[in-house]
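A.B. asks: Sequence:
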Amino acid sequence: MSRPTPPTYRTRNWPAYNEALKRRGSLTIWFDTDTTWDAAPTGRRGRQQTYSDAAIQTCLTMKVLFGMALRQTTGFVESLLKLIGLDWAVPDFSTLSRRQKTLAVNIPYRGSKGALHLLIDSTGIKVEGEGEWNARKHGGTKRRVWRKIHLGIDEQTLEIRAVEFTSSGIGDAPMLPGLLDQIPPEQEIGSVTADGAYDTRKCHDAIADRGAAAVIPPRKNAKPWKPNTPGARARNEALRASKYLGRALWRNWSGYHRRSRVESKMHCVKLLGQRLMARDFDRQVAEIQIRIAVLNGYTALGIPVTEAVG
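Quick note on numbering: this note's numbering labels position 289 of the sequence shown as 333, and the sequence is numbered without any gaps.
Calculated directly from the structure, the hints in this document are not laboratory data. Just so you know, even glycine gets a beta-carbon here, dropped at the ideal spot from N, CA and C. Be aware that one or more of the hints could be misleading.
Derived BS3-like pairs (lysine-lysine); straight-line CA-CA distance at most 25 Å [stated by the list, open to error]:
#, residue 1, residue 2
1, LYS264, LYS287
2, LYS314, LYS192
3, LYS314, LYS145
4, LYS264, LYS246
Between beta-carbon pairs, the in silico distance windows are [unchecked claim]:
#, residue 1, residue 2, range
5, ARG263, ALA83, 49 to 59 Å
6, GLY158, GLY111, 32 to 42 Å
7, PRO59, ASN265, 45 to 55 Å
8, ARG245, PRO51, 27 to 37 Å
9, THR350, GLN226, 24 to 34 Å
10, TRP190, ASP131, 35 to 45 Å
11, ALA83, ARG305, 37 to 47 Å
Take these sequences, add in the hints, and give me the full structure.
C.D. replies: Structure below.
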């Protein structure tokens, strides 16, 4: 059987989306005068913090967005505050470095209407080592360190709702339950779409526990599981459907092609830098979370609305 012809799509909101793309490149930076810039007293003994988490995240956001070093970030924020006429003090580079390790990053999101359809995937990002051209031409250095980013995005709004950051030795499937735990319990999850690497019992059981449908292609050599759990029964149904319809038709019928949107979001994450600037693991976690906050802010400005035309 020949593969079905893929449909073509047309963007229905080009004027609004075009304006959103222009706003993403705007250098206008607003500082809310009601922002709590100074840290509130904790009531505990010892030296109190001078700057709030919002102040630290603001500075680190500038660092990630413009790819600057810590000292350059301090000077950049000082110049912005001077231009706007605010006399706020700016954290120095050592304060930013120290606070980044324990920063609780605020990741904004708008949320979608109705049930959440979650798209999940992972990718690697470089920490240390030569670039790809140098490694291919000269072999590179033996010390090449990578990390893995595990993302879950909202299919409707394209916002990142869940993120995990691990070493390169951690597999994809063990991180799916943790990603689902980041979704509030009161949020209904309609479906979870992922690739065949997540075709495990723990993943299917975690999805079934949230009352969601798993859109995960069974492996090519997959065998039926003992139907002793809701996740196993749902997976066996998907296995029977894929064998009856064929893998190509099953992907089209189940809507598995939607997973390509999370791969596009992975590309957007790397547009903010092909490697991480931080060397400490905890600081790397904060750097990735700030990237996610920046991308969600970009997405909130506007996304394309497409429809199939053929």
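A.B. asks: Does the alpha-carbon distance linking LYS264 and LYS246 stay inside the 25 Å limit?
C.D. replies: 19 Å, holds
A.B. asks: Does the beta carbon distance between PRO59 and ASN265 stay inside 45 to 55 Å, or does it fall outside?
C.D. replies: With Cβ atoms ~50 Å apart, the hint holds.
A.B. asks: Does the alpha-carbon distance linking LYS314 and LYS145 stay inside the 25 Å limit?
C.D. replies: 21 Å, holds
A.B. asks: Do the alpha carbons of LYS264 and LYS287 lie within 25 Å of each other, as the hint requires?
C.D. replies: The given pair, whose Cα atoms are some 10 Å apart, holds under the 25 Å limit.
A.B. asks: Taking the Cβ atom of ARG263 and the Cβ atom of ALA83, is their distance within the range 49 to 59 Å?
C.D. replies: Check passed, 51 Å falls within 49 to 59 Å.
A.B. asks: Would you say the C-beta atoms of THR350 and GLN226 sit inside 24 to 34 Å of each other?
C.D. replies: 28 Å, holds
A.B. asks: Indicate whether the distance between the beta carbons of ALA83 and ARG305 respects the range 37 to 47 Å.
C.D. replies: 39 Å, holds
A.B. asks: Assess, step by step, whether the Cα of LYS314 is no farther than 25 Å from the Cα of LYS192, and give holds or violated.
C.D. replies: Holds, at about 12 Å.
A.B. asks: Given the hint of 27 to 37 Å, is the C-beta distance from ARG245 to PRO51 inside that range or not?
C.D. replies: 35 Å, holds
A.B. asks: Does 35 to 45 Å hold as the CB distance between TRP190 and ASP131, or does it fail?
C.D. replies: At roughly 43 Å between Cβ atoms, ASP131 and TRP190 fall inside 35 to 45 Å, so the hint holds.
A.B. asks: Is the distance from the Cβ of GLY158 to the Cβ of GLY111 consistent with 32 to 42 Å?
C.D. replies: 38 Å, holds
When the structure is compared with the earlier hints, no violation turns up for any of them.
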